[in-house]
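Using the sequences and the hints, build the whole thing.
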Amino acid sequence: METDELLLNMGPVHPATHGVLRFKLRMDGEIIRDCEIVMGYLHRGTEKLGEMKTYLQFIPYTDRLDYLSAMPNNYAYVKAVEELADIEVPLRAEYIRVLTLELNRIINHLVFMGSLILDLGANTAIMWGFREREKALQLYEMLCGARMTFSYMRIGGVREDLPEGFIPKLNDFIKDMEKRIVDYEQLINGNEIFLLRMKNIGVINADEAINYGMTGPSLRGSGVNYDIRKLEPYSIYPDIDFKACVRKECDSYARYLVRMDEMKESLHILRQVADTMPAGDIITTQKYGIAPMTGAPSAVMTYFPRIFTPPVGEVYTRTEAPKGELGFYVVSDGTTKPYRVKIRSPSFCNLVALPKMIVGLKIPDLIAAFGTIDIVLGDVDR
Amino acid sequence: MNAAEELKQAMPAAVVSTGMLIDKPLAIIKKEEILKAAGKVKEMGFDNLSVITGIDYRDRFEVIYNFFSYKKKENLVLKVVLDHEAPSVDSVASIWKVADWLERETYDLVGIKFTGHPNLVRILLPDGWNGHPLRKDYDMETEQFVTMGEDGEDIVSTDGSNLLRRR
Amino acid sequence: MDSVTIDTTKIKPAKKKPETALEKLNDTGLINTLLAAREREGMILFSTVDQFINWGRFSSLWPVTSGLACCAIEMMAVTMAHHDLARFGMEAFRASPRQADLMFVAGTVTKRMAPRVKQLYEMMAEPKWVISIGSCANTGGPYIESYSVLKGVDNIIPVDVYVPGCPPRPEAWLYGIIQLREKIKSQGYGAKWGLNK
Amino acid sequence: MIANAYELVVYILSAIGIYDPINGFFQNYGMEYLLRIIIIVVEIVVLLVFVLLTVMFLSWLERKMFAWVQSRYGPMITGPHGLFQPIADGIKLVGKEDIIPAGADRWIFTLAPFIIFVPALLVFIPLPFGDSLIISDLRIGLLYIIAISALSPVSILLAGWASNNKYSLMGAMRAVAQDISYTIPLALAAIAVVLYVGSLSTVDIVRAQEGTWFDIIPRWFIFVQPLAFILFLIASIAEMGRIPFDFQESEQELVAGFYTEYSGMKFAMYFLGEYAHMFAVSGVIVTVFLGGWTGPVLPFIPVQITSLVYFIIKTYAVIFFAMWLRDTVPRMRIDQLLNLGWKIMIPLALLNLLVTSFLLTAGVV
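Chains as they are written, first to last, in my numbering: chain F, 1 to 382; chain G, 1 to 167; chain E, 1 to 197; chain A, 1 to 365.
Hints may be right or wrong, so weigh each one.
[As the list claims (entries may be wrong)] To give an idea of the interface, some chain F residues facing chain A are shown, with a C-beta separation under 10 Å as derived from the structure: (1) Asn9; (2) Gly121; (3) Thr124; (4) Ile126; (5) Met127; (6) Arg197.
[To be verified] With a straight-line Cα cutoff of 20 Å, these simulated DMTMM-like cross-link-like pairs (lysine to aspartate or glutamate) come out: (7) Lys97/G - Asp207/F; (8) Lys243/F - Glu178/F; (9) Lys31/G - Glu5/G; (10) Lys199/F - Asp335/A; (11) Lys166/A - Asp4/F; (12) Lys199/F - Glu185/F; (13) Lys166/A - Asp34/F; (14) Lys71/G - Asp207/F; (15) Lys73/G - Glu2/F; (16) Lys166/A - Glu2/F; (17) Lys24/G - Glu178/F; (18) Lys72/G - Glu232/F; (19) Lys248/F - Asp47/G; (20) Lys183/E - Glu126/E; (21) Lys166/A - Asp47/G; (22) Lys24/G - Glu6/G; (23) Lys73/G - Glu208/F; (24) Lys151/E - Glu143/G.
Simulated from the structure, these hints should not be mistaken for laboratory data.
All C-beta atoms, glycine included, are put in the ideal place defined by N, C-alpha and C.
Pasting the structure below:
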């Protein structure tokens, strides 16, 4: 009998590719022999737009890179510009930033959990995930009025101060969320079919994972004890008690568990931040600001100039976004617009390892392993 | 002594100069020596290649490699300066697998050729796209359209009549 | 300063709650559309058939599962418990365009994606509708200056309803869907087939 | 003793005294068989309408239950609590364009939906909806049901092949592999019951479950053959092709499986066929293991009506279980499923058969 390999094209419109990614699979029956990833269906030219916009105007574009976690994107960009221009950020602003970052980490992982389990064929967990996400989004709406694309960070601080009643609502959310995480674990972790689908699927060991450029929770699932918040502490993370969540199993299930643990750690951080929120300015008055006008509603415009020119230079900063290492390489030529903005997106680099993980497995395993490296196409294609 | 100076001591022929990029050690490497230098960097324990950046400075290109070491928890930045006419540099994809895609992306958007790369084709833009968008002399005026061929491959042309709706 | 969040599940029409079975039936809109047709067209049989078919069509709009970018996340949010698209009978997302009636163009249509979006639209079976969601799909939005973004999805496929926003809030989605339902109500397929002349 | 629905109709007609005049009228022309045919056709039409209404209701119930599990409302606007939703879906699907993709095998592509829809209805012929509410009490009823249900992979394979789509083909291949490996434990589990009863007739099987032990435990075969019941239930859910065993569709992997290319009315036939199949399989589970129509006899109400109600209640309980399962668990992988089928379920079913036949021979039960 003569057998032939089957060329299967998955995507760019396919329910399980989380957007517009395309896999070209060479299949032997159900077994994947080779996997080529074709991307760029969402390439929007963000880096070129970065050269055409002023420093402040570029902030909204960072929202739309990783649209599930806009706040860390905002933060990584403003952090790069702040390092470039050597701007000191007030303590309260840093606290608010960390608060929003960790809240966003929870949102991101909720969507991760939901869509992973939806990809495995169970439909209910995503509803639960989005139910809590909706609550967290209400907090964000209080803060900045937007649900997904916040543009909340500003160079040298944040846009708005915390509204009245925010901290109590946050505390309610934390309390509620703690119970919900237990619910999720009861629904998912003990499910025999779920374990069958996840354990020993998409295995990649620590050395390979590093070589393939994986970062973030996906790398920590391979047993590498690393977290940029710990290794190169930035913002107020050195003062906060938390631990990097690491699992040693290297498989899909480990990557899933790391993210569930991270949600708990984020809640822990949120509680500390909410308890010790200092008073003070929310945006820098240091170098580029003029005299602070307390009480002005649109405080940003008075604090910080819209047209802002950092000194000539270049900088690379990295932050621990929910999906991994998010870096911005910003080059300034002393004008009002960046000369070059390079985005080191976690999803792009994490995706490199996918073919390595899934060759020899089957299509359902591809879906499971792909779900656990948690990519967003806006972040891959930029 | 930071990592850049360490590298200079180990390979004095390859390193042109050292310095700092804000807080990260920076070494400017000769174009021909990048593969050797990268091997040395890997030996020094920099196991993570964070990012490869290509920058068009109108008179020259710069390729920047950011490294991080999980063991020593240190950063290192390597920089290579290329001439503007035919920018090309050796590929480091044989050392770091992630460099495969990062170099393809740099080739795609900035137009720097990486010699020795296993599969140097465009990654974000379709094959046949005219020009490299992140170059400063990229033509933003001409609009290019993509249509789909029989097997789902992309066909780039400036004529969108097959795609656009007649109104 | 407090946040204003609207629980859309609680939005109800201003009229009184239907109680008796007849009122509930009346509330479905089926009888209303039939009666309206009767008033407008007299006792023309095919007009009523027309309204009946339209009722079936706007009550059962199955969207195709195709998210392009940021707006796709809001598409997920709309289908989830809080906003619950299923109330309109629209939770039956079909992964295969053959079985779908409605396409949400949810997100930026890049040059490279444009022929795929067009093909997806062409694969859908008639009758079919398109809702363009978000600034990117409407006009190019924030990416209008980009070299690789199509300036409005209506350049390649016909669009029935445009929903602005970046991304539009779920409430805006629901409003767009209600607008589409209104539009379908007024369409005359019987007239198109030459039945009720 | 009324054996089937035909005799029931004759009995009712005689009871109200109009059977003899009608029969006499036909006898005058020497065409007694015509009356027989008319009655049977009416029976079949009633059954068909009943099944189609049930199927529509099931599709509504499925969506509603799905919503309840997920703390949503589900369809609300179309009809009271969205009850007219299936009607609207039906109207819309009838009015959709019927696409036959280029490169598809036109004849087979058109034929395949009928091949799945007709067996889904044929299964109902020997299914006893109640005492004497059966179209025909075949002596090989159970075998007939298993054999007819096993026809559905033929349709799926034809559909997958004719669609000229790789996803369809893969879905079809999976469905066939799955159906073959699950019909065997299904049949083996049923044979244990058949050995116990000594008959393949569905009515005999139900009659064997009448009565109680100690006046409290019904003599259902679920208590006699618990292992066979579990095997039969798992195999049935695999036969129905529902989560966790919905490989033929598996939306996240194969887009829509074998019916990826189907639109409009043909898709509706698959849709209806799926729910009809689900109803039929649940009915078979009830008949074989849950006592069929049996239940406490109530005074003043004809046994035909009470038995129908009992049957429907039990069947919906099984359907409820299948829907609940769908809302809760993820999908298995095809090779894991086949492993489960061949390496666990078939040996267990054989063991069960061995023990049953040993006990029967020894006269213990």
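To see whether the hints hold, each was checked on the structure:
Interface restraint check for Asn9/F: the shortest CB-CB distance to chain A comes to about 8 Å, inside 10 Å, so the restraint holds. With its C-beta approaching chain A no nearer than about 3 Å, Gly121/F sits inside the 10 Å limit, and its interface hint holds. A cut of 10 Å between beta carbons decides the hint on Thr124/F: the least distance to chain A is about 5 Å, and the hint holds. For Ile126/F, the interface hint holds, the least distance from its beta-carbon to any beta-carbon of chain A being 9 Å, beneath 10 Å.
The interface hint given for Met127/F is met, as the beta carbon of that residue sits about 4 Å from the closest beta carbon of chain A, less than 10 Å. The beta carbon of Arg197/F comes within 6 Å of a beta carbon in chain A, closer than 10 Å, and the hint placing it at the interface holds. Proposed proximity of Lys97/G and Asp207/F is supported: the alpha carbons are some 11 Å apart, at most 20 Å. At roughly 17 Å between alpha-carbon atoms, Lys243/F and Glu178/F fall within 20 Å of each other, so this suggested pair holds.
A hinted pair counts as satisfied when its Cα atoms are at most 20 Å apart, and Lys31/G with Glu5/G qualifies at roughly 18 Å. Taking the CA atoms of Lys199/F and Asp335/A, the gap is near 15 Å; set against the 20 Å cutoff, the hint holds. Taking the CA atoms of Lys166/A and Asp4/F, the gap is near 14 Å; set against the 20 Å cutoff, the hint holds. The straight-line distance between the Cα atoms of Lys199/F and Glu185/F is roughly 16 Å, inside the 20 Å bound, and the hint therefore holds.
This hinted pair checks out: Lys166/A and Asp34/F have alpha carbons roughly 17 Å apart, not beyond 20 Å. About 12 Å separates the Cα atoms of Lys71/G and Asp207/F, which keeps this hinted pair within 20 Å; it holds. A C-alpha spacing of about 54 Å is found between Lys73/G and Glu2/F, which places the hinted pair above 20 Å, so the restraint is violated. With a C-alpha separation of about 18 Å, the suggested pairing of Lys166/A with Glu2/F holds against the 20 Å cut-off.
Of the pairs offered as hints, the one joining Lys24/G and Glu178/F is violated, with about 39 Å between alpha carbons and a cut-off of 20 Å exceeded. Under the criterion of a C-alpha separation no larger than 20 Å, the hint pairing Lys72/G with Glu232/F is consistent with the structure, at around 12 Å. Using a Cα cut-off of 20 Å, the hinted pair Lys248/F and Asp47/G holds, with the two alpha carbons roughly 19 Å apart. Taken as a hint, the Lys183/E and Glu126/E pair is honoured in the structure, with Cα atoms around 16 Å apart against an allowance of 20 Å.
Distance restraint check for Lys166/A and Asp47/G: the Cα-Cα separation of roughly 42 Å exceeds the 20 Å cut-off, and the hinted pair is therefore not satisfied. Simply put, Lys24/G and Glu6/G have alpha-carbon atoms about 14 Å apart, close enough for the 20 Å limit, and the pair holds. A distance of roughly 18 Å separates the Cα atoms of Lys73/G and Glu208/F; the hinted pair therefore holds under the 20 Å criterion. Restraint check: the Cα-Cα separation between Lys151/E and Glu143/G comes to about 11 Å, which is no more than 20 Å; the hinted pair holds.
Violated hints, listed in ascending order, are 15, 17, 21; each of the other numbered hints is respected by the structure.
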